[in-house]
Amino acid sequence: MVGPKYDLVGNPLGAVRATFERAAAAAAAESGGGDPVAAFRGKDWGAGELFRSFLFEQDGLDKVPVLDASKLGLIKPNTLVRYRGMVQDMLGNEFYIGAFKDGSTWRTNKFTDFSPFSMPHPCDSHLWERHLFHCVPAPGQNAWTLESSPGPDVCTMAGCLTTEQREKRKRDGDNDAMDVSENGPGECSSFSKKAKEDDVRASSSSAEMALSVPEMNGGDHHIPGSSFSCLVKVYDMPESQVKLNDVVEFIGVYTFDPELAAPSDNSDDIMLDLIEDVTVQLPPSKVPRLHCLVWRKLSSHDFISRPPVVEPSPSLLKGIRQSLLSHFTQVLGNDELAAQFLLLHLLSRLRNRVDVVTVGRLSLNFTGFNREGASIFGNQLHTLIQRLVPYSQTIPLSIEYLNTATLQPRKDNKSGRLVTGVLQLPQGTHLTFDETLLQTGSLTSKGVENTMLLKNLMESQTVEYDFEYYKLEMATDVQLLTLSEGKSNILPSDLIVPFRPSSVPAVSAGSEELKSWRWYIATVRSLLQSTEPETYQMIQDEMVSAMRNDRSLGCSELSRWLTMAQIMASSFGEKSLSMEHWLMVKELERLRKERLQ
Numbered sequence: 006m007v008g009p010k011y012d013l014v015g016n017p018l019g020a021v022r023a024t025f026e027r028a029a030a031a032a033a034a035e036s037g038g039g040d041p042v043a044a045f046r047g048k049d050w051g052a053g054e055l056f057r058s059f060l061f062e063q064d065g066l067d068k069v070p071v072l073d074a075s076k077l078g079l080i081k082p083n084t085l086v087r088y089r090g091m092v093q094d095m096l097g098n099e100f101y102i103g104a105f106k107d108g109s110t111w112r113t114n115k116f117t118d119f120s121p122f123s124m125p126h127p128c129d130s131h132l133w134e135r136h137l138f139h140c141v142p143a144p145g146q147n148a149w150t151l152e153s154s155p156g157p158d159v160c161t162m163a164g165c166l167t168t169e170q171r172e173k174r175k176r177d178g179d180n181d182a183m184d185v186s187e188n189g190p191g192e193c194s195s196f197s198k199k200a201k202e203d204d205v206r207a208s209s210s211s212a213e214m215a216l217s218v219p220e221m222n223g224g225d226h227h228i229p230g231s232s233f234s235c236l237v238k239v240y241d242m243p244e245s246q247v248k249l250n251d252v253v254e255f256i257g258v259y260t261f262d263p264e265l266a267a268p269s270d271n272s273d274d275i276m277l278d279l280i281e282d283v284t285v286q287l288p289p290s291k292v293p294r295l296h297c298l299v300w301r302k303l304s305s306h307d308f309i310s311r312p313p314v315v316e317p318s319p320s321l322l323k324g325i326r327q328s329l330l331s332h333f334t335q336v337l338g339n340d341e342l343a344a345q346f347l348l349l350h351l352l353s354r355l356r357n358r359v360d361v362v363t364v365g366r367l368s369l370n371f372t373g374f375n376r377e378g379a380s381i382f383g384n385q386l387h388t389l390i391q392r393l394v395p396y397s398q399t400i401p402l403s404i405e406y407l408n409t410a411t412l413q414p415r416k417d418n419k420s421g422r423l424v425t426g427v428l429q430l431p432q433g434t435h436l437t438f439d440e441t442l443l444q445t446g447s448l449t450s451k452g453v454e455n456t457m458l459l460k461n462l463m464e465s466q467t468v469e470y471d472f473e474y475y476k477l478e479m480a481t482d483v484q485l486l487t488l489s490e491g492k493s494n495i496l497p498s499d500l501i502v503p504f505r506p507s508s509v510p511a512v513s514a515g516s517e518e519l520k521s522w523r524w525y526i527a528t529v530r531s532l533l534q535s536t537e538p539e540t541y542q543m544i545q546d547e548m549v550s551a552m553r554n555d556r557s558l559g560c561s562e563l564s565r566w567l568t569m570a571q572i573m574a575s576s577f578g579e580k581s582l583s584m585e586h587w588l589m590v591k592e593l594e595r596l597r598k599e600r601l602q
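The opening residue of the sequence shown carries number 6 in the working numbering; numbering runs sequentially from there.
For the record, the hints were derived by calculation from the structure and aren't laboratory data.
Remember, it's a predicted structure, so these values are computed and weren't measured experimentally.
Mixed in with the good hints there might be a few duds.
[Claimed, not checked] Think about it this way: if two alpha-carbon atoms lie no more than 25 Å apart in a straight line, the pair counts; the simulated PhoX-like pairs of lysine-lysine are:
1) Lys492 - Lys451
2) Lys323 - Lys580
3) Lys248 - Lys416
4) Lys416 - Lys451
5) Lys476 - Lys416
6) Lys48 - Lys460
7) Lys460 - Lys598
8) Lys68 - Lys323
9) Lys580 - Lys492
10) Lys598 - Lys492
11) Lys460 - Lys476
[Stated by the list, open to error] Quick list of the computed label-pair ranges, beta carbon to beta carbon:
12) Val549 - Ser508: 55 to 63 Å
13) Arg553 - Gly421: 56 to 64 Å
14) Arg556 - Asp417: 34 to 42 Å
15) Leu442 - Ala74: 45 to 53 Å
In this text, a Cβ means the ideal position worked out from N, Cα and C, and glycines have one as well.
Generate coordinates for the entire structure from the input sequences, incorporating the hints supplied.
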């Protein structure tokens, strides 16, 4: 264990070096003259374990500042930060000199862009590799999700401030500024000296980063979200553990070195020669680097601040369900039937995929909306959904939008980069399409292509990515709600529900209610469902009987009934489908079809 002189937030690289040198010395003693660091390739020698213990067992996570666009000029390079973002592009692997022998001592370059020590040439060394991910803020991420990961106030963390910021605070009369790092004089390596010398340069360049970041959306104003991005370098990770569009929290060393912004004058710099060409498109003067020590995929539960510690019992979930359904009914102008279907829709998720058949999806089309209705009820719905789910967007579907928006992500083979599109989304995103803006007009070839992309998303929950020489369908899980005057011909939804409000909504929800509803939705969507054999047989008999009585019923509609029944059971906190839930769904379907007549 590293002693208390190492500040894991202010000086993470000091801890990395100390654990490496200790492990290398121990391995050398055991190897009897062999190569002591050969076994460290692709493995953690104790540094990752040290930081995981600090972050998750010693409550250190709340002490780590969050890296975002607003803090680029504040956070000092080579300190520990955490970054939450979506993997927008996977840039392959990068080779680097992971360890080298300096005299009789083995040293490591892991978690850095350049060697912190002068590397003898030639020298004994090991070539290791790391994964490169280009990450961006998750598209459509709603503001309330930031409450779950506020991090400390970086303005009060003197050890993580740049020199420029510390000087400003001193001029402002703040005498509390101090270096958080507790390293003694003996711990000041050439690397830490270099970092101090570069503080002023890094500070001014960090400020430039905040003002001048490359556009990741190909210049398409239809694509929302911040253009701030981060190049994450991940170590010791097996292939396919992190996938494209995953939302991940990376915790690691934030680096910025002005030397990386331009070619080095040192032709003998081996580390520079190994830097991947694709990163030239992501200059460090604009895109910060994060060398990841610990990472974790994020689910909806990870965005909920102070979730209840109680078990999600059916009695508890039933009570929350009732309050949420009541609120939906008020927002929808006392249309209780529409509220019931909205609840099922928001609790749906893709549970299985068999060939081209998707199990669990439940897209919804509310008809009876005109522009006036959309401005009242549509805006209320949009605001409500925004406050309940982590990611959501509303798309104004018009002829102009279809003809001009870039929905499809595409690979730019000249730069080696994936250019994002509107439909490159994290799993669990909710999309609301407002068709009340749709008027008579002609679709261009791009408009036709965008229409087909949306239909494909509706029907198969896949998005086609354009790799120039071929196209690849990527699986997704997106909730889709359409507001239209009549049945949408562009977006074929699973459920068509005529909307019939009887009052204008004037309702709001308190913060505690919203927190309980968020927890309820995240919990219910994660419940596993099963069906007892006896119940399954009874439902199967009901399906056969229904098909005999109504020849228009097809397998897709019966499958949807079963999906709705499973969601209905989950909405009450039940993990097993019962006939009661099946009959409730049949009654909802009867009422819905009455409205369609």
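Going through the earlier hints one by one, which of them does the structure break, listed in rising order?
Hint check: 6, 8, 9, 12, 14 and 15 fail, others pass.
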